[in-house]
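Chemist: Work the whole structure out from these sequences, hints included.
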Amino acid sequence: MNIDAILLGLEIILNPVSIMLILASVLLGVLVGALPGLSSTMAVALLLPFTIGLDPVVAIAMMAALYCAGTFGGSITAILINAPGAPPAVATALDGYPLAQRGEAGRALGVAAISSVSGGILSLFIFIVTAPLLAAVALSFRPQEYFALTLFGLSMLAAISGKSSLRNLIAGFFGVMVSMVGIHLVTGVERFTFGTTVLYDGIDFVPVLIGIFAISEMLKQSQAGDAVFERIRSVAVRLPSRDDLRLIWKTILRSTGIGTIIGILPAEGTTVAAIMGYNEAKRWSKHPEEFGKGSIEGIAGPEAANNAGTSGAMVPTLALGIPGSGTTAVILAALIMHGFRPGPFLMRETPEILYAIFVAMLIANVAFLVIGLLGAKVFSMITLIPRTFLWPSVFCFAVVGAFAYQQQMFDVWVMLIAGLIGYFALRHGFGPAPFVMGLVLGELIEKNWSQSMIIFNGDWTRFFDSAVGNLFFAMTALSLASPFIKPMVMRVIRRFRRSPTS
Amino acid sequence: MTKKPAHGAGDDAGQGPASSLLHPLDLKVALIVLAICAFLFWRTFLFDNVPASLAQNVQPQTFPQLLLIVIIGLALLLPFEHLQKREQGIDLDSDRRDRPLPIVFVTGIAMLIVVGIMPILGTLVGLLLAAAGLPLLWGERRLKLLIPYALLFPTLLYLLFSSGLQVNFLPGVVGNWLG
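Heads up: the sequence lines are chains A and B, in that order.
The first sequence: position 379 = 379 (our numbering), numbered continuously.
To get our numbering, take the position in the second sequence, counting from 1, and add 1000.
Hints should not be assumed to be uniformly reliable.
Unchecked claim - The following label-pair restraints were derived from C-beta to C-beta distances: (1) A:R495 x B:L1136: 52 to 62 Å; (2) A:I183 x B:P1102: 40 to 50 Å; (3) A:A24 x B:I1036: 34 to 44 Å.
Derived by calculation from the structure, the hints in this document are not laboratory data.
Predicted model only: the values in this text are computed from it and were never measured.
In this text, a Cβ means the ideal position worked out from N, Cα and C, and glycines have one as well.
Modeler: This is the structure:
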């Protein structure tokens, strides 16, 4: 354990300015999480330009805190108005809202908050142990093995939430294509610059991220009417009783494990973790019949899992440079923007960042427990903000943020065009998260491929010389084939069940 | 989220019968993807040639070409994907069955205009116009709310970035005129 790095990490975070900034991020995260339509991914993307002048470690810590708080924020509106502010909170609404309707909104919020905090903090300890270990293993990887690992990360796009694995992959590979615009690293040749000098340095991902997450969503929201929600008004928040805790502690532990593992898997997100946490809570419950009618286990399961997923998703992001979710893809972009080298070298060159993020996420978890519980009623009321003011504000933020990054109008155009294309792509099922992951991973994957080809003297068959590389290639093949294999397996199981002789 | 489709893929959107092998709308999407790939593939042939000794077995066009071939392969599967999804009860058309409302295009054009005029009128004026115009376009008529919002929000945001983060925004003719 690197004591100097721990002390430095603590020194950076544990000062009044940093703590204030982290608390502000938590507040912003809970607000954004509570507002249906606004996602923590979008908020992190919009926050990026604000952090230009800040200490890079504090900037990343702020984003990590926002990510944590945003995941929790969604549960407030899910419980109080049956409108999950964020996709991971969808499963929470299934039991949270019925419990609130029975007059137990405070109990539901208390269970959600305690489960979120427990899941978040427990998985943070797993994060602090596993991330350096994973990075140490990855440090021994040669370029061909790292290429295979990155390819595996990309192939996991097939499994990212959405209706179509095929479209996720196409979007992800287009992201990689966009990352190739500019000067080729090995030869110095211009690629896809169309003779313009503005594309010489490539397309920066900050304006693309802002456009694809904020502007696309704004266009989508432009045709949505103002939703009217039935609001639970009597909210006297109370922490879970001893009986409640006795009932949910096993669920919390199980969901924390599920959430952390799902989070660590590249490209899997907190939404998947929450749904799996809910399903497993129901499967293991002594009262599965109460699920959907206001079961507190049905709240604890997804809440512990989705918050555990946030810490889990930070593991591959920091240790391998491969994002564990859409939001961590943006955080990865922020790391690059602030001059860090994500991946195993990050731990060696700037180990303090790991501990700074750990402390920031710890503060965030405690802070959203307090902020979330005390301000639940207020946060549920922010859905009253008319969308006619909310989304134009997002547009102003997007324009200013895209411009501020490099102080050039070209980035604003990139942001706008990315948003317009993103809207139409989204309509046809090409999600923004896979595209962004491809964009962020693009340079890494090509760099490792190029280095390997140079080492192998152009003999591509030598990619299969390494056992570790082969393992990743096999996992890639399995991951790519999973959308086709899964229905076949399901069909066989169904046929097997139907057969009377079996 | 998986839902049992009320109709098969392609139905209701006027894209042909669900039973057809090819999904008509996805066929168009695939053709667009293929056209983009073909264009980019052609562009790779225009990259400067690098002598083999300098390229070290890594010509600048090799990786993009490999990637484009993969995308082309995947795009060719797109029109048939609905067959598999229908079996799984997934409706690929649920988000695109209804055409985008005119407000989507109006909003898009308004955003393009705002960004287009920023170099001429300045960033602040562009933001003020966006904060006033977009709510009006979206049907906001409460002037008592709209006017203070349209004046205060962009101005505060502008000041935060220009004074707080030292960002030099475009002054435009209005900025130059104000000095």
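Chemist: Run every hint past the structure and note whether it holds.
Modeler: Going through the hints against the structure:
no. : hint                         : result
1   : A:R495 x B:L1136: 52 to 62 Å : holds (60 Å)
2   : A:I183 x B:P1102: 40 to 50 Å : holds (42 Å)
3   : A:A24 x B:I1036: 34 to 44 Å  : holds (42 Å)
When the structure is compared with the earlier hints, no violation turns up for any of them.
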